[in-house]
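Just so you know, the sequences run in chain order A and B. Sequential numbering from 1 applies to the first sequence in the numbering used here. Sequential numbering from 1 applies to the second sequence in the numbering used here.
Any given hint might turn out to be false.
Stated by the list, open to error - In silico DSBU-like cross-links for lysine-lysine, where the CA-CA straight-line distance does not exceed 30 Å: (1) B:20 with A:99; (2) A:26 with B:20; (3) B:64 with A:56; (4) B:55 with B:66.
Derived from the structure by calculation, the hints contain no laboratory data. Small disclaimer: the values here were computed from a predicted structure and weren't measured.
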Amino acid sequence: SQQGEEDPQALSIQEGENATMNCSYKTSINNLQWYRQNSGRGLVHLILIRSNEREKHSGRLRVTLDTSKKSSSLLITASRAADTASYFCATDATGTASKLTFGTGTRLQVTL
Amino acid sequence: GAVVSQHPSWVICKSGTSVKIECRSLDFQATTMFWYRQFPKQSLMLMATSNEGSKATYEQGVEKDKFLINHASLTLSTLTVTSAHPEDSSFYICSAMPAPYGYTFGSGTRLTVV
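Isolated chain A (complex conformation) (with noise of 0.2 Å):
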């Protein structure tokens, strides 16, 4: 399988707490995005890194790339409990028409 792997699987913190969220994948990429899955509904489009970037800040994001190691990790700064949701990372890989693989997500729970 070409699916990427996340960790860790699920995350539990306490609000204003940081979560990192880690991406490895196996293939050369065009670029890495990040995603968030509120339970049972569709996915939000919340930030993507090109292949020849390293790191990319987006309000409370922080995502940083690592083409030699084929990781990422997704940082959410001061976290909110509304920030509670599953988050998948999603490779578009050379070669691949722009066909999205995801990761394996991880479920962050953010309580109060």
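We have chain A; now place chain B onto it with these hints.
Same frame as chain A, now just chain B:
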């Protein structure tokens, strides 16, 4: 902008019947649409890629005769689950390309086959 509308959001059907799921790009033209399936607490798995006006390309292990995909226009793709069985119960999500802001996903369809 860049809205993908997916209907129905949920459907319950009897075993042996067929179900059609629609995916529409509302404010852009989607030459390519992707269909994914997601089982509970699992990730999204790509089922097929459809290009407007041509046959869909199915991923390995996906039965093309069971999951019929039609992409007859630049704004509409449909997935028909034929002769549905309980094991087809899943969450189906479409995405459309090219979207003005990258990849845009529909809100998903929860299919329950009883």
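Here is what the structure says about each hint:
1. B:20 with A:99: Since the Cα atoms of residue 20 of chain B and residue 99 of chain A sit roughly 23 Å apart, the hinted pair holds (cutoff 30 Å).
2. A:26 with B:20: violated (34 Å)
3. B:64 with A:56: Answer violated: residue 64 of chain B to residue 56 of chain A is near 39 Å, above 30 Å.
4. B:55 with B:66: Since the Cα atoms of residue 55 of chain B and residue 66 of chain B sit roughly 15 Å apart, the hinted pair holds (cutoff 30 Å).
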